[in-house]
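Mind docking chain B on chain S? Use the hints.
The primary structure of each chain is shown beneath.
2 protein chains.
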Amino acid sequence: QKILFLVYKATVAEDSAMENIVTEKKAEESHRQDSADLLIFILLLTLTILTIWLFKHRRFRFLHETGLAMIYGLLVGVVLRYGIHVPRDINNVTLSCHVNSSPATLLVNVSGKFYEYTLKGEISANEVSDVQDNEMLRKVTFDPEVFFNILLPPIIFHAGYSLKRRHFFRNMGSILAFAFVGTVVSCFIIGLLMYGCVMLMKQIGQLGGDFFFTDCLFFGAIVSATDPVTVLAIFNELQVDFDLYALLFGESVLNDAVAVVLSSSIVAYQPEGDNSHTFEAMAVLKSFGIFLGVFSGSFALGVATVSLTCPHVTKFTKLRDFQLLETALFFLMSWSTFLLAEACGFTGVVAVLFCGITQAHYTYNNLSPESQDRTKQLFELLNFLAENFIFSYMGLTLFTFQNHVFNPIFIVGAFLSVFLGRAANIYPLSFLLNLGRRNKISSNFQHMMMFAGLRGAMTFALSIRDTATYARQMMFSTTLLVVFFTVWICGGGTTQMLSCQHIRVGVDSDQDNSVSGVFLQIGPDGIERRSTKQESAWLFRLWYNFDHNYLKPILTHSGPPLTATLPACCGPLARCLTSPQAYENEGQLKDDDSDLILNDGNISLTYGDITVSTDATGTRTSGQPVGGINSDEALDRELTFGDHELVIRGTRLVLFELHGKKQNHV
Amino acid sequence: QKILFLVYKATVAEDSAMENIVTEKKAEESHRQDSADLLIFILLLTLTILTIWLFKHRRFRFLHETGLAMIYGLLVGVVLRYGIHVPRDINNVTLSCHVNSSPATLLVNVSGKFYEYTLKGEISANEVSDVQDNEMLRKVTFDPEVFFNILLPPIIFHAGYSLKRRHFFRNMGSILAFAFVGTVVSCFIIGLLMYGCVMLMKQIGQLGGDFFFTDCLFFGAIVSATDPVTVLAIFNELQVDFDLYALLFGESVLNDAVAVVLSSSIVAYQPEGDNSHTFEAMAVLKSFGIFLGVFSGSFALGVATVSLTCPHVTKFTKLRDFQLLETALFFLMSWSTFLLAEACGFTGVVAVLFCGITQAHYTYNNLSPESQDRTKQLFELLNFLAENFIFSYMGLTLFTFQNHVFNPIFIVGAFLSVFLGRAANIYPLSFLLNLGRRNKISSNFQHMMMFAGLRGAMTFALSIRDTATYARQMMFSTTLLVVFFTVWICGGGTTQMLSCQHIRVGVDSDQDNSVSGVFLQIGPDGIERRSTKQESAWLFRLWYNFDHNYLKPILTHSGPPLTATLPACCGPLARCLTSPQAYENEGQLKDDDSDLILNDGNISLTYGDITVSTDATGTRTSGQPVGGINSDEALDRELTFGDHELVIRGTRLVLFELHGKKQNHV
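Sequences listed follow chains S and B, in order. Residue 6 is where the first sequence starts when you use this note's numbering, and the numbers rise one by one after that. Residue 6 is where the second sequence starts when you use this note's numbering, and the numbers rise one by one after that.
The set of hints was computed from the structure by calculation and includes no laboratory data. Any given hint could turn out to be false.
Claimed, not checked - Listed next, the in silico DMTMM-like pairs over lysine to aspartate or glutamate satisfying Cα-Cα at most 20 Å (straight line): (1) B:Lys31 with S:Glu242; (2) S:Lys169 with S:Glu242; (3) B:Lys30 with S:Asp471.
Next up, chain S with everything else stripped away, as it sits in the complex (with noise of 0.2 Å):
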């Protein structure tokens, strides 16, 4: 309620017309000026974009489309420092009035006109002077927020939509292990070796700034997110195995979602007393608190928000008909859990990944071909954009930021921690996880996955959000320099590393699936190991049976009608919430999502127990005629078929030649 009024009599006594017109030029020239630099991030992708088709075409690899959309940022950011010299607007007066707080709203009265001012954020002294010198260079510097809040959504929602669900979940466990506990090996190994680094700096004084131990964990969090775009996409060319593949791929989607939380944690830390920055039990306690709610939090809205109304939606609304709503609507509802999740408080970027991947789960099978292929084109589409912005703003921001702090010992102290934190994330635990796995991560698979350790968007977009001290300065200025060094020297190197590592290219779809078969010839051998590999995946087998007879049933088109697999009493609540098309269903496509259980050869072999035992209807074609389907046939099938349908085929296939398999030793 403490409304200050501050008097200031005027120096220059202006006309009031003369200075409202002054003021619409202003905002107009100002207009113009951001359309300017808008223009030249658009031509720059456009650039990006006629390079990569060039490099496409040419078919050369040692410079992905982001290294490549980094390096015009890089030539822009020069030009725009060095090159432009924009002649000092006059009307441009900076004024300075030296206020108690800091409201996000600020009126001025400017001879009896009042004017909305709003917040921008806090600059620090030595910058005011440069507020005048470069309005240009700060005008090509967007709002760090944007990244968080329009770039980085589309870009996590695309690799939760786009993942590999096949691979993804018979790696689950591993994928897990690298993302949970790795990134939180790796953050604490970055930054204690950062502290070590930055106490040296203390002791010969090249300090410029407070750098507390906290800064140094939320370093080490910030380049723990792994973002193998570049990796990515040269192993989808050459199509190298497909495990390395997802490994790599859902390690890195996950990692994301666990350096925002673990890095919001970290800031979070507050310990009781006002001397900040000590080691508090409780205040440690609390932000573990803090990173398990927030995660769990955003997972369970992306999850639920998704499953419990877009699927429904889509499923008894018979938007089949009218592509455009049905887009329309995915999108929307893709969107309002991002919103959502930021409007209470938990993080939009975790809750759009698993909104992303239980839209591929269930929305996906409700959606009519043509949705499915529009979603899919327009998730592409805004990925690739958001990405190649993201890249070449990074290369732009190098020259273009106003406060870079290079500091050689914190460089060199960055790049051998993030090497070391990697070494720390993948050797350990790939020893670890090789002791429970049938199917070992060998040791070339190893050192690709250490190799493929890059930084990219996410990481940029944590290190930009907050540049305010002098310690995210020079974290923010290190960052830039990991990301290029790893995007260029590693994603460059690639090709080459796998050739080195004699790791298989050319793995095609059909081949992968003879892999499965082999698993279960090597199977006998480690039966002393089935037992406990079987107590590991009753969890998950318990889930996957539940999703495939109830969840799938409610939620979708797909799996077997609820009639048959809730009990009798429920008869009347099944018939409504089955739909037409899950009786159609039922003779031909029942296991379309055999290849979640698909983690291990003797389950699938379980499966097929399993699937017979709960089936009380006795109707069910088994799978003699289906897999009576040569492979000739099968492969023509996946060619007619887009990416999706070709997963399925391919693991029906294996599924029933397991099972026809399992018949002939029997």
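Structure of chain B alone, referenced to chain S:
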């Protein structure tokens, strides 16, 4: 260079660290609030989509999606206004300091820390207390520039891109007359009537502020932009006569562009003397010059950037193989046209309209079939979302906008003058046009056009752009009511009006072709007018030939190869510019754009002669083999090809029919 430092001793000294936290919390709170606000709109759109589906499913045509979006917006507006009471935030202090100018950037020194504020805009003195009171209502109010720079461009681009060029060009003359002459007439009629109205209000003392003649003209300009989305959607569904559709659609698309430029040149009207708002010939001339300059500049920029860059880029790169790159490039090119126009001081919306038309004319032919679908679907989706967002925001703003000025006399006057302005546009112009048109605009068509003069997104965006003065606020409130009334009453009554005016529905492409045939048969009785017709079409034919023989081959893969159309001396250049596809296409689809010339029966007759005479190769297959296609076959083809293709094929069929008939007559 004049940096003023204002020192204010803080009355309540606060701890710096505590304050930091408070600022951070405030920013977080504000972000959450923003997310929640956006979520409201997303849910509104979702609700709209679901209800639209229901309406479409039940074939309920009294309420279009835009009308529905407005109703939902209204309801949410009521809830926000009267239903929710946000507890006043104590921390949300608004400071007021009196200084002598309003710079774009303001630095505030809070106990040694500098905070940066950016200018949001001027607010009137009586609003100052509202700023504190209705923080929440102000939050859901978007920056008006969002409409112009983000939401309107995709709508306008989509209109240009989806223009049915065949019918558009056939009625080109009439459309241009309605759009240019009609809009200007309507603007001045409305302006004059409203000025009378304002004079009356001044007499009886109902005017609470300044209201000049230029304001009246401005009002005339903004309510002259028609937007019959509702009507056209019903036309599409009922397959109403294509000429009526083309007239309405073409007029509304172009008069949006005219209205934007007209309103900005009225704003730019500034007589020499300081005592403005008086009539002055020079200033009027200057405004007229601005109108011409901005319109032709935007037009030239839209056409030039696209036709100079995009087709070449898509033609000579083999981007066709990478649809994602192609679509991304197409999107970026279109966006950069908008930005370029804005950066140059032209009107981006106008540029983007002509960009859309040009893209459809040239670039579309170079795209791969997948990208043609993708781009269409992408812009369809963007258009759908933007349109519904604007209409639901319109509904919401009726209650959440804080400075409504509803004046009964002004409102009644506005409705009357809008009606009279539309009448003064349609009837006299139709009479004049009918003197020159063979295919008369019948009186029931005229009534329908009169009735279909809805006001929509453009009118709203123009009126919300500036609501600083009393006059503008009154205009804004009145405009909202005009939009509501026309969309609900005129939009809802379209079906009734159609049947009442006995306008035939259920016209499909084939029947329409037979209509062209009818023109030919009624041709001979209008023989005295034929020569004038040919005169007026002379320029157009010249352009067509130039376009068909040179521009199309240079810019796209279609059309005859340049080696055939260019003189022999240009041989090497021609060979270098002609794409391999052009030779392939030579035999078959050479008349892809014959639709352009089909604006009258006799022109299509002469067309036959022209192509024969300009063809020096002599290798052309004549109309005979293709003309042999019977209509059943053509129908089959139409079912397999998309809408765009359909139009082309349909036209070709007529052409050859006409050709054949001519030969029979000879």
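**Study point:** Structure versus earlier hints - violations, ascending order
**Key:** Checked against the structure, the only hint that fails is number 1, while the rest are satisfied.
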